[in-house]
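Heads up: the protein sequence lines correspond to chains E, Y and W, in order. Count the first sequence with this note's numbering and you get residues 1 to 999, in order. Count the second sequence with this note's numbering and you get residues 1000 to 1102, in order. Count the third sequence with this note's numbering and you get residues 1103 to 1283, in order.
A hint or two may mislead.
Unchecked claim - Okay, derived cross-link-like pairs now, DMTMM-like style, lysine to aspartate or glutamate, Cα gap no bigger than 20 Å in a straight line:
{"#": "1", "chain 1": "E", "residue 1": "896", "chain 2": "Y", "residue 2": "1033"}
{"#": "2", "chain 1": "E", "residue 1": "284", "chain 2": "Y", "residue 2": "1076"}
{"#": "3", "chain 1": "W", "residue 1": "1163", "chain 2": "W", "residue 2": "1185"}
{"#": "4", "chain 1": "E", "residue 1": "906", "chain 2": "E", "residue 2": "962"}
{"#": "5", "chain 1": "Y", "residue 1": "1088", "chain 2": "E", "residue 2": "746"}
{"#": "6", "chain 1": "E", "residue 1": "284", "chain 2": "Y", "residue 2": "1011"}
{"#": "7", "chain 1": "W", "residue 1": "1110", "chain 2": "E", "residue 2": "832"}
{"#": "8", "chain 1": "E", "residue 1": "284", "chain 2": "W", "residue 2": "1227"}
{"#": "9", "chain 1": "E", "residue 1": "431", "chain 2": "Y", "residue 2": "1076"}
{"#": "10", "chain 1": "E", "residue 1": "906", "chain 2": "E", "residue 2": "949"}
{"#": "11", "chain 1": "W", "residue 1": "1110", "chain 2": "W", "residue 2": "1139"}
{"#": "12", "chain 1": "Y", "residue 1": "1088", "chain 2": "E", "residue 2": "741"}
{"#": "13", "chain 1": "E", "residue 1": "284", "chain 2": "Y", "residue 2": "1033"}
{"#": "14", "chain 1": "E", "residue 1": "284", "chain 2": "Y", "residue 2": "1010"}
{"#": "15", "chain 1": "E", "residue 1": "886", "chain 2": "E", "residue 2": "705"}
{"#": "16", "chain 1": "E", "residue 1": "798", "chain 2": "E", "residue 2": "773"}
{"#": "17", "chain 1": "E", "residue 1": "896", "chain 2": "Y", "residue 2": "1036"}
{"#": "18", "chain 1": "W", "residue 1": "1245", "chain 2": "E", "residue 2": "607"}
{"#": "19", "chain 1": "Y", "residue 1": "1083", "chain 2": "W", "residue 2": "1139"}
{"#": "20", "chain 1": "Y", "residue 1": "1083", "chain 2": "E", "residue 2": "746"}
{"#": "21", "chain 1": "W", "residue 1": "1231", "chain 2": "Y", "residue 2": "1040"}
{"#": "22", "chain 1": "W", "residue 1": "1245", "chain 2": "Y", "residue 2": "1014"}
{"#": "23", "chain 1": "E", "residue 1": "751", "chain 2": "W", "residue 2": "1140"}
{"#": "24", "chain 1": "E", "residue 1": "798", "chain 2": "W", "residue 2": "1105"}
{"#": "25", "chain 1": "Y", "residue 1": "1083", "chain 2": "E", "residue 2": "740"}
{"#": "26", "chain 1": "E", "residue 1": "632", "chain 2": "E", "residue 2": "616"}
{"#": "27", "chain 1": "W", "residue 1": "1231", "chain 2": "E", "residue 2": "237"}
{"#": "28", "chain 1": "E", "residue 1": "912", "chain 2": "E", "residue 2": "832"}
{"#": "29", "chain 1": "Y", "residue 1": "1083", "chain 2": "E", "residue 2": "741"}
{"#": "30", "chain 1": "W", "residue 1": "1231", "chain 2": "Y", "residue 2": "1076"}
{"#": "31", "chain 1": "W", "residue 1": "1110", "chain 2": "E", "residue 2": "616"}
{"#": "32", "chain 1": "E", "residue 1": "327", "chain 2": "E", "residue 2": "359"}
{"#": "33", "chain 1": "W", "residue 1": "1163", "chain 2": "W", "residue 2": "1150"}
{"#": "34", "chain 1": "W", "residue 1": "1245", "chain 2": "E", "residue 2": "773"}
{"#": "35", "chain 1": "E", "residue 1": "886", "chain 2": "Y", "residue 2": "1033"}
{"#": "36", "chain 1": "E", "residue 1": "884", "chain 2": "Y", "residue 2": "1033"}
{"#": "37", "chain 1": "E", "residue 1": "97", "chain 2": "E", "residue 2": "162"}
{"#": "38", "chain 1": "E", "residue 1": "896", "chain 2": "Y", "residue 2": "1040"}
{"#": "39", "chain 1": "E", "residue 1": "885", "chain 2": "Y", "residue 2": "1033"}
{"#": "40", "chain 1": "E", "residue 1": "10", "chain 2": "E", "residue 2": "32"}
In short, the hints are calculated from the structure, not lab data. In this text the structure is predicted, and so the values were computed from the model without any measurement.
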Amino acid sequence: MSGAYRIAGKGRLTPARQARFSFDGKFYTGLEGDTVASALLAHGVHLMGRSFKYHRPRGPISAGSEEPNALINVARDATREQPNVRATVQEIFEGLKTNSQNRWPSLEYDIGAVNNLGAPFFSAGFYYKTFMWPKAAWKHVYEPFIRAAAGLGVAPKEADTDHYANRYAHCDVLIVGAGIAGLSAALAAAQTGASVIICDEQPEVGGALHYEAGTTVDGMPGFEWAQKTAQKLAAMDNVRLLTRTTAFGYYAQNFISLTERITDHQAMVEKSAPRERLWQVRAKRVILATGAIERHMVFDGNDRPGILLASAARTYLNHYGVAVGKKVGVYTAHDSAYEAAFDLKRAGVEIPAIVDTREKPGDAVMAEAAALGIKVLTGHAVIKTSGRLRVTSMTVGRSTKGTTTKYEIDALIMSAGWTPSVHLFSQSRGKLTWDADNARFVPGTHAQDCLAVGACNGTDGLANTVEEALGAGELMARAAGAAADAEKLSLNTETAFEWTGGMVGASEGAGPDTVAKAFIDFQNDVCAKDIRLAVREGMRSIEHIKRFTTNGMASDQGKLSNMHGLAIAAEALGKDIPEVGLTTFRAPYTPVTFGTIINHARGSLFDPTRKTPMHDQEAALGAVFEDVGQWKRAWFFPRAGEDMHAAVNRECKTVRETVGMFDASTLGKIEVVGPDAAKFLDLMYTNAWDSLKPGRAKYGIMLREDGFIYDDGVVGRLAEDRFHVTTTTGGAPRVLQHMEDYLQTEFPHLKVWLTSTSEQWATVAIQGPKAREVIAPIVDDQDISNEGLPFMSVVECKVLGGVPARLFRMTFAGELGYEINVPADFGPALWDALYERVEAAGGCAYGTETMHVLRAEKGYIIVGQDTDGTVTPYDAGLGWTVSKKKTDFVGIRGLKRPDLVAEGRKQLVGLKTRNPKVVLEEGAQIVADPNQAKPMTMIGHVTSSYWSEHLGSSIALAVVVDGHKRKGETLYIPMEKETIAVEVTDTVFVDKEGSRINV
Amino acid sequence: MLLIHCPYCQEERPETEFRHGGEAHIARPTNIADISDEEFEAYFFIRSNEKGVTFERWRHAHGCGRFFNAARHTVTDKFIKVYKAGEPKPTLAELGLESGESQ
Amino acid sequence: MSEAIRTKPLPATRTGSAAASVTPAPEASRISLRAGEEALAALSSALDLGLPTQPKTSESKNGRMALWLGPDEWLIIDQNGADLMALCATVSAPHSATDVSHRNTAIIISGPGAADAINGGCPLDLSLKSFPVGACTRTLLAKIEIVLYRSSEDTFRVECWRSFAPYALGMLAEGAMDASA
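Here chain E stands alone, though its shape is the one from the complex (with noise of 0.2 Å):
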């Protein structure tokens, strides 16, 4: 029922627990336990996708995160779909789709393959050459094939519905990896108290005992120790036991990544749960027990379906009961494929021949394989595979030109020996060591505080990977401040051989001056004559090959395909391994969902909203927003019928004939007290401070020291030694640090201190002719008439029977005006208090846009618009906030620089276009003469643009070239489909007198 090449009795899944799943359309059975790939080669199913570039038919290699070849796609629904995704890490599930992918029209009959035919068009390199000319075809021809071409699987089209969960987390001992090596570290590194935390990539702890079937641990089969010591370790307070877990990222100071898969092998998935889970690891200190990799022999053929690596097919038989032929040829260079053979053949699985291209392969394997009756063939190669949608023979011979044998097989297994996972070890930035004697690169000088121990580190031998790994717990628990007694810790191992072997690079028939396909990257199609063709062609640096040839930049990132592709490199090149040396490793170790990168940050998440206390209010109102930074604000208030246009004249005609009301709370406010409050705001503003008396409030600027103006806003003292400053929305944090940057680093002595009070106070702006009139019911006991509270003064009194208030009397709209601030949670009570008499007096609330067009009738400049960090006090006009009696102020040198007192600056004037019904363009770039040759020379800008239907004409802001000096001129702004005349003008347009603010 769970498939044809399922053994009875063989595997540790439980026959009787199966689920169903697809491939391609097609339901199979598996079992609780199976990934897809073990589910699939069950039924006899080898054929899982087609490769990159020449559309091979592929099957799966290993049996692990190391897959290039089984990518699928997989859906649990519409929303919930995920392509690349590896066969032989996914688990089945009862209702799982998957579909194979890069090929068309079906798997079996892919018309991608004539790339295959092709290709000696596609070789190395062949971006760079193929499509260079002619120039023209890139666009319409080439980049349109490429871009069909590349890539392997499809993005989903629907939003992922899926959430995912970040953790952040701290331990002394951080282990990755759960092998003997991990759990034997964890068991030491726990019982001294230390907090550790143990992650592996698969869903059960073992790693290699997942096939070491000959190996026992304490007198239980290893496995079955590795189970139980997970089961002490996860009961344990001091221990955090993670599987499906992959550190995927080492960074500086211990700072490991890990993705948690929570979901994606479940049926029903509760709704709460995330479908993973990033852990942002911080560890004292890290052993990385992350084992070695199998890698293939590099022969003609090498990547038929029903080829595998040796350890892939023990995996797929003792731990899953699959067998993956009924046939099965061994090519190695490793001892560890006999056992791979042994434990076939022992199943009832016909192994024809085990080839070995060593003379001497170790005399325990060769007796064993002597006693199983296996026919063993040393010094022998294979030439070649035959096969088309599965291999179906092997062809033996010493050397291609002696004589061969074919061998009828249906599946081949291989070992050309191992690679120490080193990739969390170089991304932590240690350095590599050559091990010679055994072809392989291990942990030289560490970067960081950790230890490698295990497989990963060249440790060879069951015992001698147990003592390392219960020392290293131990060691590193200690380092990290562990303190408790704990007995010194051994385990009884044995296992049934040691192994010897291993080469790098191609075997016979894949050697220099052929052209067989000899694969060292399945994913990204690089066959060993690729290295050499890259070689030949002046690539020198492993870094240039690499690029050139693409060899490892699949998302496996070559851990099959590194080693073979450097030792072809090196043989090309003429040159040892250490001395070409490997590319950088980097993160992530296997690919990472975007949903985890991303994590919380969408929706409302992903960036805070942040909205006034009286949000609610102007949004039953009609409020359409605005965004301003994160803030969101009201931008006009239209009322039936009404566009923006029309919602906007008529607030700025309520505002200057009767009274309007506008939510000022995003301000950035300021609370400067001390008895040197005065002495340091005289420091950071150009205006003078000290001669201001309490009660009275001034516009002020400031500058950075270079000169230029950095924020505005007015300032009101409401002490000897309390000040009440107010900055843009804009500019409230980046002032508050630039004003704290000076006072503690520069003037350090002075006796004041700053407070954000930004949101303590929810602000309305009340402006026009009727403004006191409607305050008048609503504050207590205090009296604002023209005398008791002028213009620029502010006080601290009660507002709506005892609130309490500061009070400005102050304008941003050239208007009879105050601004009432009250404590935050009484912004709304205030708002409709203040609505409610705005309306009985005609008025209305405003928003952001007309506050900007009555400002700008006033000529008041907004920074950050009209100003853009070259913007002098002089420049703007405002050379009158400029003390002339301080001998020191923020920018007083930098005012004084020679290219800010020269002349030719731009300066900021009004502009009145010739046609008043025209509204220029912020932005737009002014010329003195429109008929003079393009490019012209622009003389400036406009800054701010609006229609004024106070005035019934358009009004700009500009800076222009000696702009102060041109007044009466008429200037051109050529737009694109016409040139306009603008006179230059004073800033002020409305009530040059101020005589509307002071009544």
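Assemble chains Y and W onto chain E, guided by the hints.
For chains Y and W alone, coordinates are given in the frame of chain E:
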């Protein structure tokens, strides 16, 4: 994400709590209004931009809020020493480095 | 006091999970207190609460807490709504007391998964060893600044500016949901 030791909080805190503040030990002239153009240029514009040990200002912006100084190696990114604002600039010897090692 | 209605930044509804409840805190009065060493004794006596001088520590008494935020900075919270500004006004030594009762709002996270819930967005080590009961600091919760205070082994108070409160609540609710796993 680096860990940075804050000399005021007296512990290592995540990098994201901090804000870089440019080169350290550039004192604002007390007579700034009177300095020459060249002196202003040297004070305001010229920065050493060392490869190797660099002295820079940091602020524990989302922690204690204090500015402090750090000696950091721009090649390894490692913080060699942090010290409070106002404390003297350490010599290479005080940082445990030979003069040739600053690169 | 006025009859005017206060509108709090967050509804008082409890969210979160079995492992960690997430509940907006009741109103409290707060000041940001800044002072040099010379004013500490007088301020401590005016507030009837010793101002802590060690980083990451706090003092609390009768519903009033003093959280060390920086070497010259404390957040004083009074859960009974006392007029802290008035108390400090009696101190003549130079200092700065600023009312931030409405600037800040607080969320209480409580339950065995409280630390995990906060660690969904906060990168600090919240183990009892590193962040014991009474510990407090300004730090980050994902994209916003918070003040974090541990009032008991499994209860934390997160203070943030009012406009960030919905974001903080959303992050903590997500963290709480995950902390139950």
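List of violated hint numbers, smallest to largest:
10, 11, 13, 21, 28, 30, 32 and 34
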